[in-house]
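There are 2 protein chains.
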Amino acid sequence: MRVRIALRELGVPFEYAEEDLRVRERSELVRRMNPALHMVPILIHHGRPVCGSVNIVDYIDEVWGEETRLLPGDPADRADARFWADFVDHKVFGAQVRFLESKGEEKDELVEQLKRLEEVLGDKCFFSGDNFGFLDVVFIPFSSMFYGYEQHGGINLEVECPKLKRWEKRCRERESVSEVLPDGKVQYELHKKFYGIE
Amino acid sequence: MRVRIALRELGVPFEYAEEDLRVRERSELVRRMNPALHMVPILIHHGRPVCGSVNIVDYIDEVWGEETRLLPGDPADRADARFWADFVDHKVFGAQVRFLESKGEEKDELVEQLKRLEEVLGDKCFFSGDNFGFLDVVFIPFSSMFYGYEQHGGINLEVECPKLKRWEKRCRERESVSEVLPDGKVQYELHKKFYGIE
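Chains A and H supply the protein sequences, listed in that same order.
Numbering-wise (this note's numbering), the first sequence opens with residue 1 and increments by one.
Numbering-wise (this note's numbering), the second sequence opens with residue 1 and increments by one.
Hints listed in this document are in silico derivations from the structure and should not be mistaken for laboratory results.
In this text, all values refer to a predicted model and were calculated from it rather than measured experimentally.
Be careful, since some hints might not be right.
Unchecked claim - Label pairs and their in silico Cβ distance ranges: (1) 172/A - 130/H: 42 to 52 Å; (2) 129/A - 18/H: 29 to 39 Å; (3) 74/H - 93/A: 24 to 34 Å; (4) 15/H - 12/A: 57 to 67 Å; (5) 68/A - 74/H: 32 to 42 Å; (6) 147/A - 165/H: 49 to 59 Å.
Positions of the beta carbon are idealized from the N, C-alpha and C atoms, including for glycine.
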């Protein structure tokens, strides 16, 4: 999702191919393009692979970013954006897995991390300020789980993180996001199936 | 180690402060400068923190890199370097922990990953080519565990990864590295203590 959103934001035409996510079913193309991990997403540009979603967004910005840039220009702001991208991938993702596996019981850690991101967002329109940027691209796919957070663990995001909720709405108004993100209910059904939840 | 090596490589003067690594003993400075994770390393520049070792190396290169640059100039090479940095941090680090916790029994995964890095290095002097660069900075601290790999799990690195061994020697000839890296034996004793190994 991140890769497709970034490409759409920068107006880069691309061909999208879905891959079987089951470990044993990885295609020959995936094995050849990412021999170390056999993982998607992979962006293939001029025949050369770029692997890992955050890494690909970075690459897209460097190669196709002109007037519109996803990463901030200032090195300290850039470092901040990268720090929070890492926080989303390693902390929020881990907390979400524990939340789902515990069938919603272990929710405090997840709520705490969402609140931290709410604080980073503050009163800005987007994480990067007035313009949709790198950290927005990185975090917005998680919003397709917001409905699941509410249904599953009874987290009231309107109360806990009202700014994140408004941010989500603002992001979903962008074509790049709305075309790519699944509906929250559909996503929740998928996760329920995956985690064996009634 | 990564941060200090990068600063030395680019000739940036700095003040180094050690922190207590025990979770409950994190100093007020660490809590204030990295409120989300309370983790070191933190680079404080003009009073503003940059957190996370890879992130800091990136920042150092952007701010102080002039003739000498740690990251490659080409976006695809840059993405490759970042991909392997992530591989080191998440795959090799994880495999090293499992190797140590299993008292050397679970070594196949670690050897496989070291061989993959050996392949990436190939016949080049450094991961970046002729010049010591980003991935060298990121991976070289692991070499202080090479002695431990050999002692602990009977991994014969001269046989399994001869190119990595020569690369390690080449890196240790640099002042930036030799001044910062601990001796392999000292590091191994520390780890033995940490993992309760005889």
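Here is what the structure says about each hint:
{"no.": "1", "hint": "172/A - 130/H: 42 to 52 Å", "in the structure": "49 Å, holds"}
{"no.": "2", "hint": "129/A - 18/H: 29 to 39 Å", "in the structure": "36 Å, holds"}
{"no.": "3", "hint": "74/H - 93/A: 24 to 34 Å", "in the structure": "30 Å, holds"}
{"no.": "4", "hint": "15/H - 12/A: 57 to 67 Å", "in the structure": "44 Å, violated"}
{"no.": "5", "hint": "68/A - 74/H: 32 to 42 Å", "in the structure": "22 Å, violated"}
{"no.": "6", "hint": "147/A - 165/H: 49 to 59 Å", "in the structure": "53 Å, holds"}
Consistency with the previously given hints fails for numbers 4, 5, ordered from lowest to highest.
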